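Number of protein chains: 4
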Amino acid sequence: MVLLEFSMSPMDKGESLSSYVARILNYIDESGVKYKLTPMGTILEGEWDDVIGVVTGCFKLMEQDARRISVNLKVDYRAGSQSRLESKIEKVEKILNKKLST
Amino acid sequence: MVLLEFSMSPMDKGESLSSYVARILNYIDESGVKYKLTPMGTILEGEWDDVIGVVTGCFKLMEQDARRISVNLKVDYRAGSQSRLESKIEKVEKILNKKLST
Amino acid sequence: MVLLEFSMSPMDKGESLSSYVARILNYIDESGVKYKLTPMGTILEGEWDDVIGVVTGCFKLMEQDARRISVNLKVDYRAGSQSRLESKIEKVEKILNKKLST
Amino acid sequence: MVLLEFSMSPMDKGESLSSYVARILNYIDESGVKYKLTPMGTILEGEWDDVIGVVTGCFKLMEQDARRISVNLKVDYRAGSQSRLESKIEKVEKILNKKLST
Chain L
6 MVLLEFSMSP MDKGESLSSY VARILNYIDE SGVKYKLTPM GTILEGEWDD VIGVVTGCFK
66 LMEQDARRIS VNLKVDYRAG SQSRLESKIE KVEKILNKKL ST
Chain R
6 MVLLEFSMSP MDKGESLSSY VARILNYIDE SGVKYKLTPM GTILEGEWDD VIGVVTGCFK
66 LMEQDARRIS VNLKVDYRAG SQSRLESKIE KVEKILNKKL ST
Chain E
6 MVLLEFSMSP MDKGESLSSY VARILNYIDE SGVKYKLTPM GTILEGEWDD VIGVVTGCFK
66 LMEQDARRIS VNLKVDYRAG SQSRLESKIE KVEKILNKKL ST
Chain A
6 MVLLEFSMSP MDKGESLSSY VARILNYIDE SGVKYKLTPM GTILEGEWDD VIGVVTGCFK
66 LMEQDARRIS VNLKVDYRAG SQSRLESKIE KVEKILNKKL ST
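Residue numbers (the working numbering), protein chains in the order written: chain L, 6 to 107; chain R, 6 to 107; chain E, 6 to 107; chain A, 6 to 107.
If you're looking for bench data, these hints aren't it; they were derived computationally from the structure.
Every value quoted in this text rests on a predicted model; they were computed, and no experiment measured them.
Treat the hints with care, as some may be off.
Copies of the same chain look alike in the list, so a pair counts if it fits in one copy or across any two.
[Unchecked claim] List time: in silico DSS-like cross-link candidates among lysine-lysine, alpha-carbon distance up to 25 Å:
#1 K65 with K18
#2 K99 with K65
#3 K65 with K103
#4 K18 with K39
#5 K104 with K41
Produce the complete structure using the sequences and hints provided.
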């Protein structure tokens, strides 16, 4: 299973980007892929082809609006089929035996 | 104000890394800097020198254990002093007029 | 056209990774996509589907060997069909009117 | 020794960014730190404090011009004092026994 975090921004639309981000988030939300929005990006979980497919869909949407686009993407693949969207944080909290800011 | 997301991993310790991550998270938690742990990294908020100082502290800790370390870091600076740790997500939800998965 | 830089590493193979990197580079070199190897990653140039297709091929290769894989990827898309693999550096050198270390 | 690759862009200056990049590159070139400019970023080599110091200097320069700045940064630390700016590529070429596109 793959955890994939990405952010995607138009570079030619000035400093306020939330309307562009919203359009993409709507697409992700309707894709059916498991995800989690953070203040710095969106984390998708699934098989490689599925999560990369969602990123590709987002890019094709944003390409309609923007002349320059920047994408950052980070993948953490681990063999096996267990979800880690919740468990990675729980493990760290268990080791430290305290609640962290999440 | 700066939002800084980073992840830091030893490359020479096998596939299970949560004990190394925990040590760093403990350091961050005690640093007093505002932060948020996600499944893919940790987001710090503050002035440049403060958040970079915390990352430097984490690196010096991990350097004691590991012969090879990989760090990924992304900064989103915006002029002004308002916190965006919560507001970035709220803005997107408001535009879409629905709750997203966070 | 898209400039895409990426790096891909197994997390469970110790500190020396050049044999894994080599296998992937061989795949890229034979893919026919325009690329440039740097000390920190590989830069591909082409249409979105082509460059993402090469990254996917690399992932499927490495997945055969590794139980945990980390991928970092950055895209700079700009409307138009001109290659920027050489021209981005030349522009900066022209503005500064000096040769930089490349 | 640390290899650190980074890119830094104003988000509020439209699609053409080479004049901002040039100003930063001039700063790096005069810093005395070993570096290599690529089409997607700049790779610095040195001790953690030195290379992070250069990135901080670049940020403080760009902060004078821009209301929103995006920074991406990747570190590859390896214990020992050997330079890897050239040797990482040479190793891969040696394993494959062919010249790659660099």
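Comparing the hints with the structure gives:
1. In this homomeric assembly, K65 and K18 come within 25 Å of each other (Cα to Cα) both inside a single copy, at 17 Å, and across copies, at 23 Å.
2. Taking CA atoms no more than 25 Å apart as the test, K99 paired with K65 passes between copies only; the shortest distance there is 24 Å, against 41 Å inside one copy.
3. Taking the shortest alpha-carbon separations for K65 and K103, only the inter-copy value of 23 Å comes in at or below 25 Å, while the best intra-copy value is 42 Å.
4. Proximity of K18 and K39 under a CA criterion of 25 Å is satisfied in neither setting, with 29 Å inside one chain copy and 29 Å between copies.
5. Taking identical chains as interchangeable, the C-alpha atoms of K104 and K41 lie at most 25 Å apart whether they share a chain (20 Å) or sit on different chains (12 Å).
When the structure is compared with the earlier hints, a violation turns up for hint 4 alone.
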